[in-house]
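**Student:** Given next are the chains, with one letter for each unit.
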Amino acid sequence: MTGNREKPALAMNGLQVEQFRFFGRGPYNFAVPAGSIFGLSGSSGSGKTLLLRALSDLDPNEGRVTLNGVCSSELPASEWRRKVAWLPAESLWWHDRVGAHFWQIPPLQWFNALGFAEEVVNWEISRLSTGEKQRLAILRLLQHRPSALLLDEPTASLDKGNIVAVENFLTTYLKENNGLAIWVSHDSEQLERVGACHYAMLLGGEMRKLR
Amino acid sequence: MNVIPLGLFELSLASLLVLLLAWLSFKHRLEIERPLLIAALRTTVQLSLIGLVLNAVFTIVNFWLVLLIWALMLAAAGYEVMSRQKVKVKGPARFMIGASSMMLSSFSIMVLILALVIKVEPWYSPRYAIPILGMLLGNTMNGVALAMNTFSTLAWNRRAVIEQRLALGQPSGEAIEDIWRESVRTGLIPIINSMAAAGLVSLPGMMTGQILAGNTATDAVRYQILIMFMISSGTGFGVILSLWLMRRRMFDTRDRLRMRDSFHVG
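In order, the protein sequence lines correspond to chains B and V.
The end of the first sequence is residue 211 by our numbering, with every number in the run present.
The end of the second sequence is residue 477 by our numbering, with every number in the run present.
If you are wondering where the hints come from, they were derived from the structure by calculation, not from laboratory data.
Here the structure is a predicted model, which is why all the values come from computation and not from measurement.
Just so you know, not all the hints are guaranteed correct.
Distance ranges between label pairs, derived from CB positions [claimed, not checked]: (1) V:Val331 with B:Phe102: 57 to 63 Å; (2) B:Leu75 with V:Gln257: 40 to 46 Å; (3) B:Gly45 with V:Gln257: 54 to 60 Å.
From the structure, some residues in chain V lie toward chain B, with a derived Cβ separation under 7 Å [said to hold, decoys possible]: (4) Ala225; (5) Val229; (6) Ala233; (7) Arg370; (8) Gly384.
Heads up, the beta-carbon is just placed ideally off N, CA and C, and yes, glycines get one too.
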């Protein structure tokens with residue numbers, strides 16, 4: 001697939017990972033078509049987070065990752081990360097208030113879908129619960145309308161009602177934007193609910209298809 | 212320019228004060244008499260020796276000799292900056308970042324002042340060039356050491372936050388901008404404060420010296436203002452340059468945070 005740039009008509013829509021290596025792992029070769037979700041599970045320490053970090057180019061890596069035919073090396077790193085956006089398992093906040101972390105306030109229905117009123121932008125970070133931080137981190141991540149989401153256990157810190165809300169919100173977002181996601185979860189029922197294929201990452205870093 | 216000369220007898224009178232303090236410390240078991248006496252002795256020996264050296268240098272007026280002394284001063288300042296870092300850059304850059312930024316800022320400002328403002332002949336005339344670089348380096352060194360230490364320590368402690376900002380698509384400069392700003396401020400606050408307090412609270416050392424040496428207060432004030440402008444700008448340029456060099460080692464060309472590869476603690 002070296003002729004991608006010359007023959008853009010052949011370029012597949014979605015995320016394509018070829019001969020991808022990082023920290024002595026890999027090579028990984030897989031593709032996630034636009035509009036689909038790639039479910040990934042596996043015991044801790046198998047390197048799921050490392051894979052997501054490397055895909056958003058936060059760690060040194062070799063090989064080739066393309067999104068809708070555009071290779072990561074063709075874009076400035078910051079622009080790539082806005083399109084291929086990583087949601088870490090634990091979100092960190094650096095300003096005093098929620099609103100300061102947003103450069104454009106998301107649409108009202110986004111807040112509502114995750115159980116917030118618009119006043120949430122005036123809330124102090126120190127008074128947020130872990131679950132509230134996680135749901136707000138999702139809104140923060142979607143500001144730049146990424147087309148590929150790298151979700152690291154997005155619902156691990158949430159209660160049941162909010163888990164469903166987040167699942168519905170994310171699948172709706174992906175549908176409306178023809179986006180794709182790599183969704184790391186320990187909950188195979190969740191992966192089924194969001195309509196993902198299911199791969200497991202083994203301890204050596206090898207990926208095996210489960211469903 | 213007629214200073215009342217200080218004799219050895221007058222100096223030993225003054226040393227009685229230090230001895231009195233040492234006796235007080237001994238009597239009350241403050242355990243500070245030993246370091247106090249050693250430091251007093253070091254001051255006497257070191258300053259007497261440098262006095263001999265400077266006397267020789269002032270009469271010889273040789274460019275290469277002046278250059279050698281500048282280089283020694285710079286190396287000492289670079290070493291001092293390096294040893295004040297808690298989170299250290301790996302490799303030779305640990306010394307070079309501080310030393311090169313101090314050299315660029317202090318040397319260029321010194322040359323500018325000597326050649327264009329004071330207009331000494333020759334411009335490297337050691338009677339001016341050595342004390343002026345000394346004053347510049349002393350202040351720049353403090354500012355650069357403070358700023359670099361703040362920058363690397365904060366970046367190390369907040370590296371997870373910096374990474375999340377990068378992950379949200381911020382370029383490296385934006386992801387570290389609050390730490391950058393805080394470090395520049397930390398480096399510059401002491402000199403800004405001393406400019407603000409000059410004349411009200413303190414008479415700066417150089418001015419005091421000139422007045423003691425019999426110069427008119429007006430002359431002394433002009434020189435002091437010149438020195439204040441020099442050291443504040445020298446410190447500022449040195450601080451910004453050193454932090455810029457340090458930031459280049461924190462990120463790679465793809466804006467990835469490389470703290471663990473380029474820095475270590477202790």
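**Student:** To test your reading of the hints: which numbers does this structure violate?
**Tutor:** 2, 4, 5, 6, 7, 8
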